[in-house]
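Given only the sequences and the hints, what does the whole structure look like? Please build it.
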Amino acid sequence: MNSDRVIRKEEMEGKLSRAAKKLTSSPIQELSHLAQRCNAINLAEGFPDFPAPIHIKNAAVSAINSDFNQYRHVQGICQHLAKMVKEMHGLDIDPLTDVAISCGQTEAFAASIFATIDPGDEVILFDPSYETYQGCVTMAGGVPIHVPLDPPLWSLDPSKLLRSITERTKAIILNSPHNPTGKVFTKDELETIAGACCSRNCLAITDEVYEHITYDNQKHISLATFPGMQERTIITSSLSKTFSVTGWRVGWAIAPASIASAIRNIHIIVTDSAPAPFQEAALTALRSPPEYFETLRREYQSKRDYTIKLLAGVGFKIQFIPQGSFFLFAELPDDCPLSDVEFVKKLILKAGVVAVPGQGFFHTNLSSDEVSNASCNYQKRYIRFAFCKSEATLSAVSEKLGKLLDTEGRLALH
Amino acid sequence: MRRVEQHKWDCKFFMFGNWNEWYLAQGYGGNATSFVQVRQQRQWQPPQRGWLKCNVDADFHNGETITSRGLCIRYDTGQLIYARGFSSLLLCNLVAKRLEKFRPTIFTQMSMLAIKHEAISLGQGCPNFDGPEFVKEAAIQAIRDGKNQYPRGYGVPDLNVAIAERFKKDTGLIVDPDNEVTVTTGCTEAIAATVLGLINPGDEVILFAPFYDSYNATLSMAGANIKSITLCPPDFAVPIEELKSNISKNTRAILINTPHNPTGKIFTREELNTIASLCIENDVLVFTDEVYDKLAFDMEHISIASLPGMFERTVTMNSLGKSFSLTGWKVGWAIAPPHLTWGLRLAHTFINFSTANPLQCGAVAALRAPDSYFVELKKDYIAKRAILVEGLKSVGFKVFPSNGTFFVLADHTPFGMENDVVFCKYLTKEIGVAAIPSSVFYFNPEEGKNLVRFAFCKDEETIKAAIERMKKKLKK
Numbered sequence: 000m001n002s003d004r005v006i007r008k009e010e011m012e013g014k015l016s017r018a019a020k021k022l023t024s025s026p027i028q029e030l031s032h033l034a035q036r037c038n039a040i041n042l043a044e045g046f047p048d049f050p051a052p053i054h055i056k057n058a059a060v061s062a063i064n065s066d067f068n069q070y071r072h073v074q075g076i077c078q079h080l081a082k083m084v085k086e087m088h089g090l091d092i093d094p095l096t097d098v099a100i101s102c103g104q105t106e107a108f109a110a111s112i113f114a115t116i117d118p119g120d121e122v123i124l125f126d127p128s129y130e131t132y133q134g135c136v137t138m139a140g141g142v143p144i145h146v147p148l149d150p151p152l153w154s155l156d157p158s159k160l161l162r163s164i165t166e167r168t169k170a171i172i173l174n175s176p177h178n179p180t181g182k183v184f185t186k187d188e189l190e191t192i193a194g195a196c197c198s199r200n201c202l203a204i205t206d207e208v209y210e211h212i213t214y215d216n217q218k219h220i221s222l223a224t225f226p227g228m229q230e231r232t233i234i235t236s237s238l239s240k241t242f243s244v245t246g247w248r249v250g251w252a253i254a255p256a257s258i259a260s261a262i263r264n265i266h267i268i269v270t271d272s273a274p275a276p277f278q279e280a281a282l283t284a285l286r287s288p289p290e291y292f293e294t295l296r297r298e299y300q301s302k303r304d305y306t307i308k309l310l311a312g313v314g315f316k317i318q319f320i321p322q323g324s325f326f327l328f329a330e331l332p333d334d335c336p337l338s339d340v341e342f343v344k345k346l347i348l349k350a351g352v353v354a355v356p357g358q359g360f361f362h363t364n365l366s367s368d369e370v371s372n373a374s375c376n377y378q379k380r381y382i383r384f385a386f387c388k389s390e391a392t393l394s395a396v397s398e399k400l401g402k403l404l405d406t407e408g409r410l411a412l413h
Numbered sequence: 000m001r002r003v004e005q006h007k008w009d010c011k012f013f014m015f016g017n018w019n020e021w022y023l024a025q026g027y028g029g030n031a032t033s034f035v036q037v038r039q040q041r042q043w044q045p046p047q048r049g050w051l052k053c054n055v056d057a058d059f060h061n062g063e064t065i066t067s068r069g070l071c072i073r074y075d076t077g078q079l080i081y082a083r084g085f086s087s088l089l090l091c092n093l094v095a096k097r098l099e100k101f102r103p104t105i106f107t108q109m110s111m112l113a114i115k116h117e118a119i120s121l122g123q124g125c126p127n128f129d130g131p132e133f134v135k136e137a138a139i140q141a142i143r144d145g146k147n148q149y150p151r152g153y154g155v156p157d158l159n160v161a162i163a164e165r166f167k168k169d170t171g172l173i174v175d176p177d178n179e180v181t182v183t184t185g186c187t188e189a190i191a192a193t194v195l196g197l198i199n200p201g202d203e204v205i206l207f208a209p210f211y212d213s214y215n216a217t218l219s220m221a222g223a224n225i226k227s228i229t230l231c232p233p234d235f236a237v238p239i240e241e242l243k244s245n246i247s248k249n250t251r252a253i254l255i256n257t258p259h260n261p262t263g264k265i266f267t268r269e270e271l272n273t274i275a276s277l278c279i280e281n282d283v284l285v286f287t288d289e290v291y292d293k294l295a296f297d298m299e300h301i302s303i304a305s306l307p308g309m310f311e312r313t314v315t316m317n318s319l320g321k322s323f324s325l326t327g328w329k330v331g332w333a334i335a336p337p338h339l340t341w342g343l344r345l346a347h348t349f350i351n352f353s354t355a356n357p358l359q360c361g362a363v364a365a366l367r368a369p370d371s372y373f374v375e376l377k378k379d380y381i382a383k384r385a386i387l388v389e390g391l392k393s394v395g396f397k398v399f400p401s402n403g404t405f406f407v408l409a410d411h412t413p414f415g416m417e418n419d420v421v422f423c424k425y426l427t428k429e430i431g432v433a434a435i436p437s438s439v440f441y442f443n444p445e446e447g448k449n450l451v452r453f454a455f456c457k458d459e460e461t462i463k464a465a466i467e468r469m470k471k472k473l474k475k
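As they're listed, the protein sequences go chains A and B. Residue numbering for the first sequence follows numbering that gives the first Met the number 0, starting at 0 and increasing by one per position. Residue numbering for the second sequence follows numbering that gives the first Met the number 0, starting at 0 and increasing by one per position.
Careful: at least some of the hints might be erroneous.
To be verified - In silico BS3-like pairs for lysine-lysine, Cα to Cα no more than 30 Å straight-line: (1) B:115 <-> B:293; (2) A:316 <-> A:186; (3) B:475 <-> B:383; (4) B:146 <-> A:399; (5) B:428 <-> B:115; (6) B:226 <-> A:349; (7) A:402 <-> A:349; (8) B:383 <-> A:82; (9) B:378 <-> B:115; (10) B:472 <-> B:392; (11) B:428 <-> B:475; (12) A:344 <-> B:146.
These are calculated hints, taken from the structure and not from any lab test.
What follows is the structure in structure tokens.
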């Protein structure tokens, strides 16, 4: 190390912004590192280990070769999205004004938050929730307010939602199909949320990245289709999950013109442009025929069914069958004395399989009067398994778990 | 004659500009070719039917004033006051206050004008030639090899190593690829993550004008208290006394761009030493944007992080785009000691999560390019610079020396126009060449009104053609 570099760590840590100090780094990423070190089979991070569709990869290769490599905004993406949104949801949007292209849904969401949330604004999140939402809201100076969904079916109790809305509530975040539970919000629940937004004059920001991954003939319904909602909803989504290209970073936000414009302004400040060759490839992706989406659904459904059978077979409690996304939120058996974190550590070390302890998805409100340790015990009993993996991977998991079964055929990790 | 008509219920409207042409002005900014900043409105009431009749005084961005009737839209805050078709003022005040200071980018305006008039663009800093094959091949191979999923959030491990290797070669500093290097979506995102991760609302940050317009926007978004110090022609030297009187223990950070856009200045060792000692004395952080470091022609590029006592307080940012003519790939990075890296990585995680995997793989090949690549690159750009500078001089511009980047600033006053924006619009429309008015790079536009920025990141034929057009038609 260069001896000139005297690092005064504590003083320098004081240089972090207040917002950054409140944030902690991603627990999902840390587990991935442990799993990598142990060479564990990764059922934690939500990305496929099978190849992306060839027609889309070819489009990207072609774009790079055709010199689509300088700053660009590919308006064609907006046209295709307008068409898809009309076909899927019956919504009319103006591709010239209502769409902001972004670097993945992550950036669309961050830009949406920065475009609409002022310091002190309250933002409602449904718990359990993907860890990034809260971090983003906090960074913008907003106050996250968590409304718990009720286990075991993760249903929304309207009174809990309505109780949480105050005059400072600016937006409600809705992720459906839902990570980590795989829930697809029902029409009634969506009506409740829509009603609350309209009557209390809030925005809705939706994360619909799993919109094309639904099961048992369930259809994903966008919150924006409810009366009075289109003018107050920001829809965010991306190519990543639908087209198995989580590493390409092309996403979008769809919103009324004034808000889309504000989102675009933030996007220009933060990254300026999504990767050019992948924007070009997005045109091909978004033109995929209906058969592509049917196959996607069918294949993920069979992976879901395999995984449920496997995990239920070794003793996990699965009271809620995922209706969308590629996650299964499985409960530890009642007689398992371990917490979710302890269990996953053993799973990595003994079985060579990694999943995500559910507690990272649960949050408590700082100023909540309702926190009671007993009623929140369930928050340490869930493990999230991602089944967006090849058949070979899932079979390998079955084999590994198979070696650790007790006489009753249940997983014994002690 | 001036007239405003409402075009659609969602507040788009057309206005006649002062040269009798239609401009699409979008009430909320973004992709407008020109826009209206409504400064004063008279009393109005929602009409029972028909058009809203209301007189407002409106300024065009370049300072022209017209009187118009029609919609009342507060452009700068996106606050809709009234629009036909809405039954309530639903959309008022939805946009966050942090956008209040945001000005729409001049680049969009000028680009659209250039396209409209088929002008040769020497405006935006975007090459009209492509990146090297070996880099593109590496990215293509990565796509075929299946590197299409989320990479590690702070960078593909190989790329972090390649960045550290390159940094050692360039500065002599040894950095830890895993704890001191973060890959970002272009240098733009490196700046955003650094500012959001390390700057609090109200923190004082020093900026040198003229500045790349995203610095101001990002710092405003973070609520920083910005102090601007102007670099003046002819040599754009750092005004040391002014800097000394502005920097204090209250200063959180100073942002430096070297080689410098738009002046082409390269901060000298003396200047950097002075800045360094002031920063150490007052405990100030330094954020440096060094994207043009490979385009340092007449003198050596120096990274301030390599000066004694500076690494521990500096975030050094760079990207692939300019060195490898791949501006649309958006692969950049920030090098900083662990305690600063931690803050910018957190912000990066929440605003972007990770940068495109296959393109990072392409970047690995790029950063390991042999020295000959960079020698050729410099040679090429020096030749282009000569064509442009000699050409501009022969047309009658006063050209300021540019030691680096692919930009050159020129004084347009010999041609008798009142300011840079008027000149650039005239140049685009009547002469068929697009340049960027430099007043947008200053807090006080007056400081830049004599200067326009030309880019020479174009093939030689294009530059020559632009000079020809100006020689033919641009008269003093």
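Each hint tested on the structure:
Between residue 115 of chain B and residue 293 of chain B, the direct Cα distance comes to roughly 34 Å. Violation of the 30 Å bound is thereby established for this hinted pair. At roughly 27 Å between alpha-carbon atoms, residue 316 of chain A and residue 186 of chain A fall within 30 Å of each other, so this suggested pair holds. A hinted pair counts as satisfied when its Cα atoms are at most 30 Å apart, and residue 475 of chain B with residue 383 of chain B qualifies at roughly 25 Å. A hinted pair counts as satisfied when its Cα atoms are at most 30 Å apart, and residue 146 of chain B with residue 399 of chain A qualifies at roughly 26 Å.
About 9 Å separates the Cα atoms of residue 428 of chain B and residue 115 of chain B, which keeps this hinted pair within 30 Å; it holds. Simply put, residue 226 of chain B and residue 349 of chain A have alpha-carbon atoms about 58 Å apart, too far for the 30 Å limit, and the pair is violated. Using a Cα cut-off of 30 Å, the hinted pair residue 402 of chain A and residue 349 of chain A holds, with the two alpha carbons roughly 10 Å apart. A hinted pair counts as satisfied when its Cα atoms are at most 30 Å apart, and residue 383 of chain B with residue 82 of chain A does not qualify at roughly 45 Å.
Our distance criterion of 30 Å between C-alpha atoms is broken by residue 378 of chain B and residue 115 of chain B, whose separation comes to about 34 Å. Taking the CA atoms of residue 472 of chain B and residue 392 of chain B, the gap is about 15 Å. The hint holds against a cut of 30 Å. Pair hint residue 428 of chain B plus residue 475 of chain B holds up; C-alpha atoms about 17 Å apart against a cutoff of 30 Å. As the CA atoms of residue 344 of chain A and residue 146 of chain B are separated by approximately 28 Å, the hinted pair is consistent with the 30 Å bound.
Going through the hint list in order, the structure does not satisfy hints 1, 6, 8 and 9.
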